[in-house]
Amino acid sequence: MKKAIRVVIARLGMDAHWRGSVVVARAIRDAGMEVIYLGNQMPEAIVETAIQEDVNVIGLSTLSGNHLELAPEVVRLLREKGIRDILVILGGTIPPDDIPKLKAAGIAEVFGTGSSLEKIVRFVSGSD
Amino acid sequence: MNNPDYMEAKKYGEDISLDEELYRNLSGFHIKSLYGPEDIPKFDYGTDLGLPGEYPFTRGIYRTMYRGKPWTIRQLGSLGSPSEANRRIRQLIQMGSTGVSICLDMPTIMGRDSDDPMSEGEVGSCGGVAIDSLEDMRNLLEGLPLDEISINFVSNSQSPVILAMFVAVAGEQGIPLAKLNGTMQNDILKEYQAQKSYYFPPRPSMRLTIDTLRFCSENMPLFNPISISGYHLASAGATPVQELAFTLANGFTYIEEGIKAGLSVDSFAPRLSFFFKAHNDFFENIAKFRAARRIWSRTIREKYKAEDPRSWRFRVHTQTSGSSLAAQEPENNIMRVTIQALSAVLAGTQSLHTNAFDEAFSIPTPRSEKLALRAQQIIARESGVINTVDPLGGSYYIEALTNEMESVSYEYFREIENLGGVISAIEKGFYQSAIADSAFKYQEEIEKKKRIVVGLNEFVTDEEMDIELREPDPEFEKQKVADLTALKKNRDLNVVKTCLSEVRQVIQGSDNVMPVLIKAVKSRVTLGEIINVMRDIFGEFREESIY
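As you go down the protein sequences, you meet chains E and H in turn.
Numbering-wise (this note's numbering), the first sequence opens with residue 1 and increments by one.
Numbering-wise (this note's numbering), the second sequence opens with residue 1001 and increments by one.
These are calculated hints, taken from the structure and not from any lab test.
Where hints are given, some of them may not hold.
The calculated BS3-like cross-link candidates involving lysine-lysine, where the alpha carbons are at most 30 Å apart (straight line), are [as the list claims (entries may be wrong)]: (1) H:Lys1441 - E:Lys119; (2) E:Lys81 - E:Lys101; (3) H:Lys1478 - H:Lys1519; (4) H:Lys1478 - E:Lys101; (5) H:Lys1260 - H:Lys1428; (6) H:Lys1519 - E:Lys81; (7) H:Lys1478 - H:Lys1489; (8) H:Lys1478 - E:Lys119; (9) E:Lys103 - H:Lys1488; (10) H:Lys1450 - E:Lys119; (11) H:Lys1449 - H:Lys1488; (12) H:Lys1519 - H:Lys1489; (13) H:Lys1441 - E:Lys3; (14) H:Lys1519 - H:Lys1260; (15) H:Lys1489 - H:Lys1450; (16) H:Lys1478 - H:Lys1488; (17) H:Lys1448 - E:Lys119.
Beyond 12 Å from chain E on every Cβ pair, some chain H residues (computed) [to be verified]: (18) Ser1264; (19) Asp1308; (20) Ile1334; (21) Thr1388; (22) Gln1479; (23) Leu1500.
Incomplete in silico selection of chain E near chain H, CB under 10 Å [to be verified]: (24) Arg26; (25) Met33; (26) Gly39; (27) His67; (28) Glu73; (29) Ser116.
Glycine included, every Cβ here is placed at the ideal spot set by N, Cα and C.
Given the sequences, and given the hints that come with them, work out the whole structure.
Here it is as structure tokens:
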């Protein structure tokens, strides 16, 4: 049997908005993947957990406007440790102009307001 | 009742079974195709509605409503920098805003100073003001007529410190506390239930809330010390009837805690205010407010024995639904907000905040903020809906919905009581799972197109978005940290230490914390320093995440 995909989901930095992150966490879990829900964490702690838990994907959520500072930091810390096979994705309130900057910094995909769960699940499960 | 046309129409109404699922409101109530007298069989004008301004206030809390006093147009006047926010507030007043809400940035919300390592990338975030010290509060409020314009601080866990700073600045401006207008959101219960910006466990947090309540009831008779907020519950996913029931149950909890602390109910109940969301479903939203007024007044009078009629009044601020704003074809949000705002007005709100159309991307621009403000002025001055009080009262549909909202609320009250009350229900994770379930269900309905969002899941186009968004100021954080570092260098450290040890002492005992906080902020002790002392004593609250 193929090992289930493991996903860590975290609210980036201090952002308290939790609705999107728990709804996505549930959808990913319901699709048969394993979810580790971290709540609020800074990049160092997120990366540390991702490595300990041997995850395939890191899902970040933020609506507070900290995405350009903190999301690339998660990718940078992974690369610093020589890790290239953990996918980092981001969801939340993200101005469209920031998306190319985030992708250039190594964020695999950005899911803004109105993204469907189906699309997110498909992406995380690797079938997209 | 025997009118043949009516009976025919009723028959049609009963027969209709096609797409029944589509005719449900956001609370999940099934909506009939037609309402008539049999839907409100025991309706009694005097007991169920009464005159506006009279018990049980179903039709509104004032006799003349908007003819006597228009609702307060209360837009958000915050931006990262306190001085910029001050300029913004002045512009809003100039454009016709009659009140203002001030949001805090994430570090301030979480009780951290701008120079805390946790604050990196967040200083001035969420369109909120960064408040570290009294200096910031002074810059924020400089030259504003604090006894005329009402300021609503969207402040919660850190409220005792923000209140202390507000009191200190008002003192500097020579305004007596007795004349100080305004509101502190200060609703800790909904933080655990939905907004999640708490630091301490619920019980010590409640003690701080009661300290502020007591301080305000003794010194600030015009100030609203708590704005009991359903908005955040709804934004996190609660349905309108959950918002209604959970918010009122929280309100009753503050009443009980106040009484337990030895306050007489009439000494503080008149200053408790509320904050609701104007959801998308127009009539459901109106019924929610009407049910809230009736339940609140009856319970406060009959159960908690309040005798002052002002204690029975459910006074409410409303904001249109931020979570209903779509990123697809964002200009459509202007229409959504206008419809929601109209429902809040027809529901009898005391104050209103209309969202800007670009909030699905970032904090608003001056242009989008102005459009949002104008929506309120057009409703108030052009549409004619304010000419008569409660124009929808007596509608079969509205009254039946109001009754249904009320009876489902009582079911929730019983459920919460069976869990041991609101704080126990929080500790048992009741709200988390109830709200997460509703949020998930709502998202599923959108994806299955059981709920339509124009431009998102129906009438979809692939046009490129063409609006200008606000650019954050990349230098602000650096500047704020530098200012704070300078402030921390230029103060008497011995005085700071003494103040913090006084705070520690009072927190460990049972005296009201407000006097030592006021002294501390005047001595340039920062918000983060004070909260850290409290964290040390109270500990931090961690919750099991339920999803």
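Query - Numbers of unmet hints, in rising order - result: 6, 8, 9, 11, 15 and 25
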